[in-house]
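**Q** Here is what each chain is made of, one letter per residue.
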Amino acid sequence: MAAREITYVQALNEALREEMRRDERVFLMGEDIGIIGGVFKVTQGLYEEFGPERVRDTPISETAIVGAAIGAAIAGMRPVAEIMYMDFLMCAGDQLINHLPKIRFMTGGKLKVPAVIRTQYGLYRYAAAQHSQFYPAFLMNIPGFYIEVPSTPYDAKGLLKSAIRDENPDIFIECAALYRIKGPVPEEEYLIPLGQADIKREGNDVTVFALSYMVHVALSAAKKLEAEGISVEVVDPRTLNPFDKRTLIESVKKTGRLVIIEPDHKTAGVGAEVAAIVAEEAYEYLNAPVIRLAAEDIPPPFSPKAYNAFLPNEEKLINAIKKVMKYKR
Amino acid sequence: MGLNMSSSISEISKEVLLDMYYKMILIRRFEEKVVELYRAGEIPGIAHGYIGEEAVAVGVCSALRKDDYILSTHRGHGHSLAKGIHPRYLMAELFGRKTGVCKGIGGSMHSTEPEVGVIFSSAIVGGNIPIAVGVALAMKMQRRDNVVVSFFGDGATNTGAFHEALNLASIWKLPVIFVCENNFYAISTHVSRSVAAKEIADRAVAYNIPGKVVDGNDVIEVYKTTLEAVERARRGEGPTLIEARTYRWLDHGMYYLGPYRPKEEVEAWKQRCPIKRLKDLLLSKGIVAEDVLVNIERRVEEEIEDAVKFARESEEPDLDFVKQFVYVR
Ligand SMILES: Cc1ncc(C[n+]2csc(CCOP(=O)(O)OP(=O)(O)O)c2C)c(N)n1
Chain A
1 MAAREITYVQ ALNEALREEM RRDERVFLMG EDIGIIGGVF KVTQGLYEEF
51 GPERVRDTPI SETAIVGAAI GAAIAGMRPV AEIMYMDFLM CAGDQLINHL
101 PKIRFMTGGK LKVPAVIRTQ YGLYRYAAAQ HSQFYPAFLM NIPGFYIEVP
151 STPYDAKGLL KSAIRDENPD IFIECAALYR IKGPVPEEEY LIPLGQADIK
201 REGNDVTVFA LSYMVHVALS AAKKLEAEGI SVEVVDPRTL NPFDKRTLIE
251 SVKKTGRLVI IEPDHKTAGV GAEVAAIVAE EAYEYLNAPV IRLAAEDIPP
301 PFSPKAYNAF LPNEEKLINA IKKVMKYKR
Chain B
1001 MGLNMSSSIS EISKEVLLDM YYKMILIRRF EEKVVELYRA GEIPGIAHGY
1051 IGEEAVAVGV CSALRKDDYI LSTHRGHGHS LAKGIHPRYL MAELFGRKTG
1101 VCKGIGGSMH STEPEVGVIF SSAIVGGNIP IAVGVALAMK MQRRDNVVVS
1151 FFGDGATNTG AFHEALNLAS IWKLPVIFVC ENNFYAISTH VSRSVAAKEI
1201 ADRAVAYNIP GKVVDGNDVI EVYKTTLEAV ERARRGEGPT LIEARTYRWL
1251 DHGMYYLGPY RPKEEVEAWK QRCPIKRLKD LLLSKGIVAE DVLVNIERRV
1301 EEEIEDAVKF ARESEEPDLD FVKQFVYVR
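Protein chains in written order, with the working numbering: chain A, 1 to 329; chain B, 1001 to 1329.
Keep in mind that the hints were calculated from the coordinates and are not lab data.
The reader is advised that the hints may include incorrect statements.
Claimed, not checked - SDA-like cross-link-like pairs, simulated, lysine to any residue; straight-line CA separation at most 20 Å:
1. B/Lys1323 x A/Tyr124
2. B/Lys1098 x A/Pro299
3. B/Lys1098 x A/Ile298
4. B/Lys1285 x B/Asp1306
5. A/Lys182 x A/Glu14
6. A/Lys102 x A/Leu139
7. A/Lys224 x A/Glu315
8. A/Lys305 x B/Glu1313
9. A/Lys322 x A/Leu219
10. A/Lys161 x A/Met77
11. A/Lys305 x B/Arg1312
12. B/Lys1323 x A/Gln130
13. B/Lys1323 x A/Ala309
Just chain A, with the same shape it has in the complex:
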């Protein structure tokens, strides 16, 4: 494997470019994705290479963007639509929830909707309640589309390519706070199957189930705890639907302890589902209560002081891990 490092944004950009070169049905649309290459530069250079037919700047019309992606997909295209912030997904709520995930099912399988809706959420951007939301569990509660939440450049590229090729609708949720991080990405082509969690670090004492950005927080905490003789395993789900229960359960069986860290709200969050799965399927292996660390159940506040406390962090995670370590077999 060639050992080059690229950023998360570059990895996404490569995925789009490669898929557009490979399959001429693939096209992009979204606000400001064309001539300036996106406000986060994910689509940089694609307008120049593929032109305005296949890289379409749209008006501020989220309903039409998602709806047109659905229409183009059922009629044989492979649209990749961008919704600039996850917050604005809900502007397209009707197309997103009442149409996108239902069409195949309610037509008795006659139609398929191979569309990808890319979006991003930010952390520590202090952009207040309408520009900081991350609500994966709400989407996870809707059957009918797949959901990707990549945490590294490698995963971002491999998952986006798979999502584009996949025959089902996908909501691909990027994290803007990761856009500039670098990581190894092979030169040669690869795909990551949807529905395979990844053990980002192996360990024996505690399983940390970490979502999106929090994977990095968990890895850093794990490193620190290693010096104290605590061996932490970090599980990154990578996709929330399909959800890889097996990797999670196997890890909990091995460690007997589970701490969940997620940047979405705690109540009915992703961690609630994860804890329920473990309670149902691995109860007898648990040595300690499950701890969930999540964002507070309030809308994201603007004030940096309040916002920083609103999110879970490494310190809270280390304390939680030490707490579950006090329970012995």
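With chain A fixed as given, assemble chain B with the ligand onto it according to the hints.
**A** Below, chain B with the ligand without anything else, positioned relative to chain A:
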């Protein structure tokens, strides 16, 4: 563009004219300060400047009573100041302080002070337009004669929310004035690539309401046109759409997003500075002596310094403090 600035000035009192000048300078200096403080890292989050567009907010708000309402947007500092929010409380909000208009919880894009008629600001493009219709509905149902202004950009007229709201306001003859600040770009996207209508004001035709185009850099013209719309609304004859053509001198937000506007275009618009135009008019018509204007400018400098000092010295809200405001208890 109908009215000619100089011919129509005689009917406006000196007091109103000087207040317009004061407000426009206040907005300009406030925004210049915001840019400076943002770059220095004192103002967190995201913020959008109003420099170049001052005549729209000031012309419109000068035609309103204190108890009339406005709803604002992500680019809202100018609207808030023009309607009478004290710069101290707006600056403190941008700093994320407890003394800010929204207690530091809302930040730059949600400025709200019902006491002076700023009833709400939304950062979802198009988001305030249906809400403005609802405020106007309440006015009508409560038999109050207050009018409501919804400010929004050219880009917002491509949202479904805009179209649904105009239709509803028209069929119910509600006292609302839709003020589109057409600065020709929604982030990087020029109106010629996003708006199907020849002119945004033409969109009024579909909803059977008056649609007026005004020179948005001419505060007198904006003021007079708004007055007509206000009178119509107060008479119970329903809404008006005003398209005010103007230009933002800064980039979309505080970051440079790449070249999407010709330099000459930006320069040409700077030559049409709305503040300089008013100043030249006031002086050439002999309405005031220059030292009166200089005094106003000096007063504004002091107010801005005071606002920054006030913001700096104010306390930041913490998590427990902000938690009080999710629900009415
Ligand atoms: C529904 C929605 N989509 C996208 C955005 C991102 N966004 C913020 S401002 C903006 C452009 C708005 O353009 P316009 O309405 O013309 O107002 P301007 O910024 O020019 O004042 C966009 C696309 C948003 N805030 N809300």
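**Q** Which hints, by number, does the structure contradict?
**A** 4
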